[in-house]
Amino acid sequence: MKKLLAVFLTLAMLLSIMPAVAESAIDTSEHVKIVYLVTGDKPTNRTDEVLAKINELLTEKINAELEFRWIEWTDWQTQYNLALATQSGDIDLIGTATDWLDAWPNCQKGAFMPLSEDMLKTYAPMTWESVSEAHWNLCKYNGEIYLIPEDNYAQWTNHGFMYRGDWAKEAGLENGVHSWEDLGKYFAWIKENKPDVVPWDANGNGSSYSPQMAGGWQTSHTGNIAIEGFPVAIFYGESKENPYTLSRYYLEGDELVNFAKEMKAWADAGYWRADVLNYTGDVVAEMEEGKTGAHQHHTQTWTTERTTMERKQPGSDLGFFWFGEEAGNLISLNITHGAMAIAAQSKNPERALMVYDLMRNDPEIYHLMQYGFEGDMYTVDENGLFSRPDGFEDSTDGVSFNFWWGRNDNLEYKNAQLDWDAITKLYDVYNQVKIDYPYGQYIYDNSMVGPMMDSLSNVYNTYMPRIVFGMNDDPEALVAEFRQALQDAGIETVMAEIQSQMDAVYAK
Amino acid sequence: MQNTAQQKVVNYRKPSVGRTLVQNRTLIFMCLPAILFFFVFSYLPMPGAYIAFTNFQYNKGIFASPFVGLKNFQFLFSSGQLGLLLKNTVLYNLAFIILGNILQLAFAIMLNEVASKGYKKTAQSIMFLPYFISDVLVSLLVYNLINYDFGFISHLVRNLGGEMPKVYQNAGAWPFIIVLVHLWKSTGYGTVVYFAAITGMDSSMMEAAQIDGANAWQRIRYITLPTLKPTVIILFLFAIGGILKGNFGLFYNLVGNNSMLFKTTDIIETYVYRSMMNSFNFSQSSAVGLFQSVVGFFIVLGANAFVKHLDPDYALF
Chain P
1388 MKKLLAVFLT LAMLLSIMPA VAESAIDTSE HVKIVYLVTG DKPTNRTDEV LAKINELLTE
1448 KINAELEFRW IEWTDWQTQY NLALATQSGD IDLIGTATDW LDAWPNCQKG AFMPLSEDML
1508 KTYAPMTWES VSEAHWNLCK YNGEIYLIPE DNYAQWTNHG FMYRGDWAKE AGLENGVHSW
1568 EDLGKYFAWI KENKPDVVPW DANGNGSSYS PQMAGGWQTS HTGNIAIEGF PVAIFYGESK
1628 ENPYTLSRYY LEGDELVNFA KEMKAWADAG YWRADVLNYT GDVVAEMEEG KTGAHQHHTQ
1688 TWTTERTTME RKQPGSDLGF FWFGEEAGNL ISLNITHGAM AIAAQSKNPE RALMVYDLMR
1748 NDPEIYHLMQ YGFEGDMYTV DENGLFSRPD GFEDSTDGVS FNFWWGRNDN LEYKNAQLDW
1808 DAITKLYDVY NQVKIDYPYG QYIYDNSMVG PMMDSLSNVY NTYMPRIVFG MNDDPEALVA
1868 EFRQALQDAG IETVMAEIQS QMDAVYAK
Chain R
102 MQNTAQQKVV NYRKPSVGRT LVQNRTLIFM CLPAILFFFV FSYLPMPGAY IAFTNFQYNK
162 GIFASPFVGL KNFQFLFSSG QLGLLLKNTV LYNLAFIILG NILQLAFAIM LNEVASKGYK
222 KTAQSIMFLP YFISDVLVSL LVYNLINYDF GFISHLVRNL GGEMPKVYQN AGAWPFIIVL
282 VHLWKSTGYG TVVYFAAITG MDSSMMEAAQ IDGANAWQRI RYITLPTLKP TVIILFLFAI
342 GGILKGNFGL FYNLVGNNSM LFKTTDIIET YVYRSMMNSF NFSQSSAVGL FQSVVGFFIV
402 LGANAFVKHL DPDYALF
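Sequence order for the protein chains is P and R. Sequential numbering of the first sequence, starting at 1388, is according to the numbering used here. Sequential numbering of the second sequence, starting at 102, is according to the numbering used here.
With the rest of the complex left out, here is chain P (with noise of 0.2 Å):
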């Protein structure tokens, strides 16, 4: 009797706690709006008919629409910043970047919201499940989750060289460009064989071809593996054997001569305009109409291009030489170059977290927000590659949501117009070469050296441009007046300081 009497009352109080667990659910009980801040142009194609669906879907299943809020190109850097540094909770989701967006200075200046394990687990579940432990840790500052990786997609945004193959062909380069001496005589064929031909007609005025063009030439030559998240591209570590300890690249040795001496001896050839750093053109629509031999861009620009280029210049057989390729010098994608987060004033984070998840994870909306209305603009075959209807522009007839902040590899469609016989080709190469991003967990701080980073920075962009297009009369010495003023704006102090706080991640 003592036993049934003791079940009862267990019974009893479990029930009087169920309603408690009940109501402790998700409350979605308020319509909300949930605004998402993206680079890119506000579109002219049919995203907002696409939006208007995905809208109808995240009303029905969670009671929120989702609103653009976009960082148009023009000036997007200031732009960014300023619209997160005076964010009062008109918005919520955040697509951001280690590498490219500042992630982590804006982490310190408190634009995003910490993320709790609960908040993750409880409102983006999915993604939260998806997402290993060793990657979350690699978007904790302070040992709190401030960025969602994309993690889960596979992409190469290392930079090089787009070149027209048919033309390396003529130029005596049977396999192509595969070394910067390669691409000095595919330049040089240019200037002598099609005299309406800029080889490489570059936008200078957009100050950065610097770091691209002065690490690719460092990453061909030396094993130095670029650290991000600094306010000047000269950061380097030694090598992947030795990855800890800072190169002393910019600071004395060769290579940079060397460097200097090619681009002035290229710039002297003209392999581009005398007025390159002034000059604002659209490089991309002057390759496609045949005007200039090169573009200097990433991977993954070079895999859609190459179709491109294929359709308004057949046969021109557009190829990639990659930065680092003559020393084998390739670091994969780290996971957060591309992320998301939450805005720190965010008046609905819950909610974010919902939408985010299902954008991640949620197959209707995903292949909405990346192809469109199926049968209508895209079709799926039996491989699982997806088309394009006949005639389709993607300016007028597309979708972009800019997406960049949960690609989800489970979810994707191949282009079946893209050339994958020449990607994979390309990838297999990185494959055997590429090593992880070394550091992950390193977050640098400016606070202790942030005047001397200001003049390291002003400094850098006062001479690598000339550096880097040839504008001098005397490499040699522009490089050392470069050095020197390094040294006068405190680089010293800037590295100790550096290579102190990267001993302290990962001590010896």
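Each hint should be verified, as a subset may be incorrect.
To be verified - As a list, the in silico DSBU-like pairs of lysine-lysine whose alpha-carbon atoms are at most 35 Å apart:
1) P/LYS1508 to P/LYS1448
2) R/LYS161 to P/LYS1734
3) R/LYS161 to P/LYS1429
4) P/LYS1508 to P/LYS1527
5) P/LYS1648 to R/LYS364
6) P/LYS1429 to R/LYS286
7) R/LYS188 to P/LYS1648
8) P/LYS1648 to P/LYS1572
9) R/LYS161 to P/LYS1508
Everything labelled a hint here was simulated from the structure, so no lab data went into it.
Please arrange chain R on chain P, whose structure you already have, making use of the hints.
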């Protein structure tokens, strides 16, 4: 009778503030939009200048962010560039102010001397137009005129058998180009201001001078210019306060990141932009702005005192 007049003078007291307000209510009402404008856009945000002394945290706001004293100002002084930047900024502004005012005065007087009303209006409008062209477009125009490989002027020079210099690699040419572009853009605007002042002159003076046999030069020298003196001085005083502030749009668009030209074209704004573009530090850029404003404030005070010393009537305050 005399007695009462004296009485009145003795009884005269400075009117109270309230009385002044009531008496001049119409004038004050007319000023209200301007007062509101300056209150909202210049005085209300002033406490925010505190950001220059903090390590700004987005989630805490300006006033809760940690106080760091003068640390943010350190950057400008420790860079070793301040001398060059100040020199460039001030010299360009002096060139803009002096040349600009001379040109504007000259054009206003010339316009005034032109008899044909239609010509006057057309000339004014055409001169005014460049003021509305954005710096971005101006920079494209300049590039397409003088770039070495495909520029319009380059083609012309080459077709005439000349040798085109590489202007975008020649720092020495840019002070002239920038001043020229600035004058081209701003002369029309300033001309209208002076022209308005001339039109407002008492025409009976001119007629009297004409009857007395003064020729055009004499009329300009002895009537127009002296009448314009207060306008010139006021505009000068206004301009001098901004002598440490560069026209970022103009300089950045024309020069961009072309470091070949920095020696002669780098002003405080462009330097700050270049150094902070990557680190995006509000506190430091505000510190620079505050520095410019405070120095500008004292320059205005100084210039005003100087004018007062010469002729108290022309001083602003």
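Cross-check of the supplied hints:
| no. | hint | in the structure |
| --- | --- | --- |
| 1 | P/LYS1508 to P/LYS1448 | holds (18 Å) |
| 2 | R/LYS161 to P/LYS1734 | holds (16 Å) |
| 3 | R/LYS161 to P/LYS1429 | holds (31 Å) |
| 4 | P/LYS1508 to P/LYS1527 | holds (16 Å) |
| 5 | P/LYS1648 to R/LYS364 | holds (23 Å) |
| 6 | P/LYS1429 to R/LYS286 | holds (32 Å) |
| 7 | R/LYS188 to P/LYS1648 | holds (33 Å) |
| 8 | P/LYS1648 to P/LYS1572 | holds (16 Å) |
| 9 | R/LYS161 to P/LYS1508 | holds (27 Å) |
Against the hints set out earlier in the document, no violation occurs for any number.
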